[in-house]
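K.L.:
Build the full structure now, drawing on both the sequences and the hints.
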Amino acid sequence: MLVVGLTGGVASGKTAVSRIWREEGAYLIDADQIARELVQPDMPAWHELQRAFGQEILQEDGSVDRRRLAKKVFSDPGQRDLLNRILHPRIKAEVARRVEEISRRDPDAIVVVDAALLIETGDYKEMDRLVLVTSTEEQQIQRLRSRDGITVEEAEKVLSAQMSLEEKLKVADFIIRNEGSLEETNVRAREVFKELKRIALIRESKA
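Just so it is clear: in the sequence shown, position 186 is 186 by our numbering, and no numbers are missing.
FYI, nobody ran anything at the bench for these hints, they're computed from the structure. Accuracy of the hints is not assured; some may be wrong.
[Said to hold, decoys possible] Using C-beta positions, here's what the derived DEER-type ranges look like: (1) Pro77 / Lys206: 38 to 46 angstroms; (2) Arg66 / Leu182: 24 to 32 angstroms; (3) Glu153 / Glu204: 46 to 54 angstroms; (4) Lys194 / Gly122: 22 to 30 angstroms; (5) Ser75 / Lys206: 45 to 53 angstroms.
In this text, all values refer to a predicted model and were calculated from it rather than measured experimentally. Positions of the beta carbon are idealized from the N, C-alpha and C atoms, including for glycine.
P.N.:
Quick look at the structure:
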């Protein structure tokens with residue numbers, strides 16, 4: 001089995017890459033989706049978030065308002081660290097559980113862990129390979145505004161809270177530059193996946 005970390009800045013285009021890889025036969029573990037599941041009403045993390053950030057982060061139906069929560073944490077490093085302390089251990093444990101489950105079903109699988117903070121948390125060290133998706137800041141701001149309905153200032157605040165691209169490039173095994181057309185990104189994504197399959201085959205032959 002080959003476990004591949006897929007990361008990149010917010011709104012860099014990881015979803016487009018992961019979609020292609022899933023079509024190519026990879027198993028996908030989406031850390032953001034896991035986070036959404038973990039904060040459903042009455043889950044342990046939901047209670048912790050409510051205690052830490054107050055009732056104002058909840059919508060009328062009791063679910064977490066991710067936009068309100070983001071506004072709180074991206075303007076305050078201390079609050080951001082608190083959020084990560086609540087969610088990260090739980091996300092990491094669930095990712096590990098799913099990787100183990102896939103390995104039992106399909107020992108030759110290529111498993112892609114799609115997570116925005118793989119490098120920041122140090123979890124990239126547990127991946128067999130790390131793929132970094134990059135985009136221009138202008139494109140990220142445009143996608144953030146379209147996706148999350150936030151202002152330019154809010155989008156810039158989100159980006160400024162992230163680790164620099166230069167630091168991320170130092171630890172990436174492969175880079176997919178999502179800065180041109182969708183077709184160009186698709187071609188590069190398939191090239192990288194072809195190389196990942198080659199690496200997986202070599203590992204299997206040595207096992």
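K.L.:
If a hint holds in the structure, say so; if it does not, say that too.
P.N.:
Checked hints:
1. Pro77 / Lys206: 38 to 46 angstroms: holds (44 angstroms)
2. Arg66 / Leu182: 24 to 32 angstroms: Given about 26 angstroms between the Cβ atoms, the range holds.
3. Glu153 / Glu204: 46 to 54 angstroms: With Cβ atoms ~50 angstroms apart, the hint holds.
4. Lys194 / Gly122: 22 to 30 angstroms: Roughly 28 angstroms apart at Cβ, these two residues keep to the hinted range, so it holds.
5. Ser75 / Lys206: 45 to 53 angstroms: Check passed, 49 angstroms falls within 45 to 53 angstroms.
The structure agrees with every numbered hint stated previously.
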